[in-house]
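Trainee: Turn these sequences into a full structure, and let the hints guide you.
Chains as they are written, first to last, in our numbering: chain A, 1 to 540; chain B, 1001 to 1333; chain C, 2001 to 2353.
Quick caveat, the hints were computed from the structure, so don't treat them as lab data. Since we're looking at a predicted model, the values are computed, not measured. A couple of the hints might just be wrong.
Unchecked claim - Straight line, CA to CA, 35 Å or less: simulated DSBU-like cross-link-like pairs of lysine-lysine:
1) A:LYS535 / B:LYS1121
2) B:LYS1021 / A:LYS23
3) B:LYS1021 / B:LYS1121
4) B:LYS1121 / A:LYS23
5) B:LYS1121 / B:LYS1221
6) C:LYS2259 / A:LYS535
7) B:LYS1227 / A:LYS23
To be verified - Facing chain C, from chain A, some residues (calculated, C-beta under 8 Å):
8) GLY305
9) SER482
10) LYS503
Claimed, not checked - Sample of chain C residues lacking proximity to chain B, with all beta carbon distances greater than 12 Å (derived):
11) ALA2215
12) ALA2233
13) ALA2260
14) SER2262
Just so it is clear, CB atoms sit at the ideal spot from N, CA and C, and this is done for glycine as well.
Chain by chain, the residues:
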Amino acid sequence: MATDSAPGDELGRSRALRFQQLKGQLFEVGLVAATLVGIVSLLVLFAYISNDAFQPGAASPVWFLTYFGTLVGPTAAFTLYARRRPAVRTANATAFAAVFGGLLLSVVTYAVVDALSPYDVFLYVVFASLPPGLVLAYDRTTDDWAYTGPAIPVSILVGIGLAVLLDGPISGPLGIAAEWIMYFGLTTVPAGLLIGWLTAARRGRRAGGVAGGVVAGGGLAVAVASIAVGVAASLPVVLFSAFVVPTGYVIARSFRTNPEGRVGLAGPFVIIGGTLLGAAVVGQFGIDNPDTFLTPTLLLESWDGLTASNAGVYPQIVGSIIIVGFMAVLAFPVGIGAAVYLEEYAPDTGWGGRLATVLEVNISNLAGVPSVVYGLLGLALFRRTLGFGTGVVVSAAGTLGLLILPIVIVSTQEALRSVPDDLRQGSYGMGASRWQTLREVVLPEAIPGTLTGTILALARAIGETAPLVIIAVATTTYSPPSGLFSSATALSLQVFAAAANAKPEFRHGVVPAAAVVLLVLMLLMNATAIVIRNKYGREN
Amino acid sequence: MSNEPESRVGSLQRSGFVVRKERLYGRLIAACAVLTILITVGIILALSGRALSFWSQISPIAFFTGTSWSPVIANDYGVLPLVSGTLIVTVFSALIALPIGLAAAIYLSEYASDTARSILKPALEILAGVPTVIYGYMALVYVTPLIDGFLPFSVQLIPAGMPILPEFTLVMPSLGTFNALSASIVVGIMIIPMVSSISEDALSAVPDSLRQGAYGLGSTKFDVSTKVVVPSATSGIVASYVLALSRAIGETMAVTMAMGMSPQLPYFPNVLRNLAESGQTITAAMVQIAGADSYGSGPTYEAMFALGLTLFAITLTMNILAEAVRRRFREEY
Amino acid sequence: MAPSHFDGLTRRNAIKAVGGAGAFALAGCTSDDGSGNGNGGNGNGGSGSGNGNGNGNGNLSGDIRISGSSTVYPVAQEVTRQFAEQNPDVSFNLTRDGSGGGFNNVFIPGDSDMNNASRPIGEDELQQCRDNGIEPVEFFLAQDALTVVVNNEADFIDSISLEDLATIWSPDTAPETWSDVNSDWPDEPFDLYGPASTSGTYDYFIETVIGETEADQEIREDFEGTEEDDLIAQGVAGNQYAMGYLPFAYYTNNPDSVKALSLSEGGSDPVEPSLEGAQSGNYPLARPLFTYGHMGKIQEKDHLQAFIEYYINESDEDYIAEDIGYVPASDQMVEDNLTALEEAIAGDYEYSA
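Mentor: Below, the structure is given as C-alpha cells:
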C-alpha cells in the first residue's frame, strides 16, 4: 500500500480546500449580514422615531442617573436574583400579569364605557345578562343541558332585543342614579361574583359568599371615600374592581401556594415603585426632563392642530380599541365556525370534498387581496347597500373584520389540526356525538392557538389605514365614538392625517409620539399573543 | 342484565331533539364557511358593477393604453402612468427584499443555531407587523433626508471617446420631497419577512437525507446549501417571491405618503431618475379619489372601482400562480 | 408545552368566560347613539359625582358636521377645538374636502351642517342646494392672500407678473422649462405643485389668474395636485426649480422652507404677500373666505346656533392673523354675519350674491 505522508495532511493543506473553506465562511458571513440588514435598518428607523418621540437629548445626565438608581438598578438586581430561582420567576410572572393586566383592563374599560355612555352600557348589559342568568339558574335545578345549551345565546339576543325596546322609557329614570353606580354594577358586581365563585369552588359556599360580599363592600367603601374627598367616584370604583381585587386575589393565592416564590410577587411593584420614586426625585429637585411629547396630555387630550403641546390622541386611542373590539366580536365566531367546518365536518371526497377544496382555495386567495379592495367592498356594502352613514364604527369594524377573517380561519384550522386525533377517537369511543366532541374536547384544546392567531390578526388590523380612508372615516374629531353608529376614530388614521404638517414640533414631536403609541399598542397585542402561545399552546 | 330498556342513567338512544339540534349546529357552521365565498362574490360584484359602468363611459382601450392619468382636470383616464409607478416600486422593493429574504431563509434553516433562530425569527416577524402608516411616515420624514445627503452622484459608465458606444453617465439626481426610492426601500423592508418565512418553510421541508448524501460525497456546507437544498426547494421559494410581489403591488399607505401624487411615465435611459422623482401607484390613485370624491358619482368616482378591479385581478392572478407553482413543481419526497 | 390548568379555571370555563365576555361586549357596544346624546367627554371625566346624562340641563350637546375648504380648515379647526373644550358634549366632525368637493359631495346631499369655502358659492351649486330644499346662509369670515412660492434656492426670481403666472399655468401654453417663459431664467423644467381641483383655492386661481382657455381644460394637467396644502410647500421645498401656489396660512405654517414671490399686475410695482396687502386690496390675489350654513339645520339645532355665533364672534380675534395667517373679520363683517344668523334662525334668510 502506498503509505506516504498521511493523505489527510495533504488533503488538509491543499489550497483548493482552503479556498473552499474561505468561500464557505464568506458565504456564511454574507448570509448573516443580509439577514441583519433588514432588522438593522428597521432598528435605525425606530431609533430615529423614538428619538423624536422621547427627545432624550434634552434631558440632563442627572435625569438618567436618577432613573438608573431608582428604576434600572433595582430591577436589574431583582432580575439577577430571580434568574436562578424558577419559583420566584413563576410568582413574578403571575404578579406581572395580574398587575399590568389589571391596570390595562381597568383603564380600557373605563375609557370605553365612558365614551359609550355608562348608562346605556349598563342598561344593555343588565338586560343581556338577566335572561341567561335565569337560564343558568334553571339549569342548576334540572340536569338537562340539551335545552339550556342553545337557550343561552337565544336568551342573550332576547335580552338585547328587550333592551332596545325599553331603552326610551327606562333610560330616563335610570339617568337619575349617580354615574358611579353604573360602573359599580358593571365592574364591582362581576368582580364580586367571580371572586365569590372561585372561592366557593375551593372553600365552600359560605366562604364564597363572604368573599363576594367583601368585594362589594370594598367597592362601596371606595365610592363613598372618593365622594367624601371630592373626587369623581367612577374611576376609583373601576380601578378597585378591575385592578385591586384581581391583583389582590392572585397575589394572595400565589403567596399561599408558592411559598419559595414569594419574593417574586414584588417584581412589578419594584418597577412601579421605582418609576414613581424617580419621578418624585426629578420633580423635587427640578432636574431637566427630556423634552418629550409622550406626556399624559398626549394620552388624555384631543388633537390641536395649532399648538403641539396641547395635542393628544385620546379619542383616537379609544376609537381604535372600540373598532378592534367590535371587529373581534364579528370575526371570531364566523372564523371559528368556518374553520371547524373545513376541518371537522367537511367530507374528503365527492361534492362535499370539492366544495371544501374550493373554500380553502378561496380563503387563501382572500388572504392575499390588498386592503384597499376590502375598503371598496366596505364602501359598497355598508354605505351603498346598507345605507349606514359615512365612516361609522360599524362600517369600519365590518370592513376590517372581513379583512382579518381569512387569517382567523387559517390559524384556527392549524390549531384544530394540531389537536391529536386520539382525543377525538377517544371521545367518539365514549359515545359522544361530533358536536359534543367538538364542544368538550377539540375546541378547548384548540382555543389557545386560535386566540394567538386572532390577536395577531387584530394587531395587524389596528394599523390598517387604507380601508378606513376609502370608507371616509373622518380625521378631525374631538371625542371618541359614542355608539355603534357614530363616527369612528382611529389612531393610524390620525398619524396619516397629521403627517403633512411640517412644523417641527409636529413633524419631529407630536406625530412621532403618536406613532410610538400606535407601535406600543401593536407590540402589546403581539406580546399577549406570544405569551398565550407559550403558556397554553400545544407543540405542533 | 341484557334486557334493561331504561336504566336510571337514561337510554342510549339520543333524543330526537338533540339530534335535530346538532344537525342545526352543523348547518350553522357550514353557513359560516359558505360566508367566505359570499365575500369573494361580494368583492367581485361591488367592484364590477361600478367598473363596468365606468368602462361604458370611458373606453377600456383608452383606459388600458392611455398614457396620461388626469381624471378631473384633463379627463384623461389612461392607466399606464399608474402601472409604471406601481412597477417601479415593486421592482425596486423586490431588488431589496428577494435576495435578503432568501439569504435570511438559507441562514435560518441551514446555518443558524437554535438561540440565533429564536431571536431572529421573531425579529423578522416584527418587520411585517409594523403598521404601514408608520413605514410611510418614516420614509417621508427620515429616509428621504438621510439618503438625500449622499446625492446627487454620477458614475461615468462609458467614457467619452470610445469607438462605437456613445458616452453614458449614470446620474442619480437629488431626491425630491416625494420620491419613489424611499417608498421602495420601506416596502422592501416590509416584505422581507414574507419571503424569508415561506422560503424557510420550503428549505426546512427538504429532507435531511439529501443533505447527508451530499456531505457523504464530500461537499462543503456551501455546496450543500446552494447546490442541493435551494434547488430542491425552488417551488416554495418562487411561490414566496410571487406572494411578496403581490403584497408589494397592493401596498397603499407607504407609497401614498412617501411617493406623492404625480403620475408620470418612466424615463429612459436614465433609469435612476425615476427613483428620485415623484410618481403615483394604482393604490395611491384610489386613495386620492376616495379622499376627494367618495360619496359622489361620475366617471372619477367609478374610476376608483375600475382601478380596484384591475388591482384585484392582478393580485388574484399572482396568488393563484404562486399556489400553482408551489403545487406543480413541488418535489415529492 | 403541556396544557396547563389553573384550579377552578379549566379550559372549558375559560371558553365560557370568553364567550360571555364577547356577548357582553356586543351588548355594551350596541348601546345606540340615541338622539345625539353622545357623551363625548375628554379624559378623566368631569368633577363631582355623576349627574344625569347631560340631557337638557342647559348643557349643549349634539353633533356638528363641517365639510369644505382646506384653506378655511385651520380656522375651523381652532374654533371648533375651543368650542368643544367649553362644551364637551358637542361632538364635531371636520373634513377637508375642498370648497367644491364639500359642496358637491357633502353639503348639497344634506350631510353636513356647514361648508367652508374659499370662494363664493357658484350659481349651479346654489341652484342644486335650492333644488334639494336647502338654503345656504353665507357668512363672510376672513380674507386670504393667495401666495405663490418657489424654492429657497431659486435665486433667479423674486417677483413675477400675473401675466407670466398665467402663461406658466395655462394649458394653452404649458411651457416645459423656465427659460421658455423668460430667457433670463434657467433652462430647467418646471416642477409644479398646487391644490387639487376640488379646492376653492384652485377655483379662484383658474378664474383670476388663468381666465378663459382655448383648450378643453382649465389648467395644465401635469402639476401635483393635493388636498393637503402643507404638501405643496413641502414639495416646492424639495426641488430647486419648483413652483406652487397656496393660501397664506399654509405659507406661514411652513416658515423658511419656501420663498414667497411678490406679484405685479399690469406693469405695477411688485407687492409682497401680506395680511395688510390683502386687507387694503393692494395685493392682487386677495380673496374672501366664507362659511355656508344649512338653514334648515340651523333652525333645528340649538348647539349649531350657539356654535355659529361663537364662530362669528371669534373671527375678528387677533390669533386668526397671528397664529393662523388670515386677515380677521372687521366689525362690520361681524355685525352683518350676526344679522344673517338671526334671519336664518327666524327662517327669513335668503341668499343673494
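Trainee: Compare the distance between the alpha carbons of LYS1227 (chain B) and LYS23 (chain A) with 35 Å, and conclude whether the hinted pair is satisfied.
Mentor: 14 Å, holds
Trainee: Verify the proposed pairing of LYS1121 (chain B) with LYS23 (chain A), using a straight-line Cα cut of 35 Å.
Mentor: Distance ~26 Å between LYS1121 (chain B) and LYS23 (chain A) Cα, so the pair holds.
Trainee: Are the Cα positions of LYS1121 (chain B) and LYS1221 (chain B) separated by 35 Å at most?
Mentor: Between LYS1121 (chain B) and LYS1221 (chain B) the Cα gap is close to 22 Å, so the pair holds against 35 Å.
Trainee: With a cut-off of 35 Å on the C-alpha distance, tell me whether LYS535 (chain A) and LYS1121 (chain B) pass.
Mentor: Holds - the C-alpha atoms of LYS1121 (chain B) and LYS535 (chain A) are around 19 Å apart, at most 35 Å.
Trainee: Check the hint pairing LYS2259 (chain C) with LYS535 (chain A) against an upper bound of 35 Å on the C-alpha distance.
Mentor: Distance of about 60 Å is beyond 35 Å: violated.
Trainee: Less than 8 Å between beta-carbons is the criterion; does GLY305 (chain A) satisfy it with respect to chain C?
Mentor: 5 Å, holds
Trainee: Is the claim that ALA2233 (chain C) lies outside the interface with chain B correct, judged by CB distances over 12 Å?
Mentor: Violated, because the least Cβ-Cβ distance between ALA2233 (chain C) and chain B comes to about 9 Å, which does not exceed 12 Å.
Trainee: Once the closest CB in chain B is found, is it more than 12 Å from ALA2260 (chain C)?
Mentor: 18 Å, holds
Trainee: Decide, holds or violated, for the assertion that all CB atoms of chain B are farther than 12 Å from the CB of ALA2215 (chain C).
Mentor: 9 Å, violated
Trainee: Answer holds if the nearest beta-carbon of chain C is closer than 8 Å to that of LYS503 (chain A); otherwise answer violated.
Mentor: Hint holds; LYS503 (chain A) Cβ to chain C Cβ min 6 Å, cut 8 Å.
Trainee: Does LYS1021 (chain B) pair with LYS23 (chain A) here, judged by a C-alpha cut-off of 35 Å?
Mentor: With Cα atoms ~68 Å apart, LYS1021 (chain B) and LYS23 (chain A) exceed 35 Å; violated.
Trainee: For the pair supplied as a hint, LYS1021 (chain B) and LYS1121 (chain B), confirm whether the alpha-carbon distance does not exceed 35 Å.
Mentor: Violated, at roughly 45 Å.
Hint compliance for this structure: hints 2, 3, 6, 11 and 12 are broken, all remaining hints hold.
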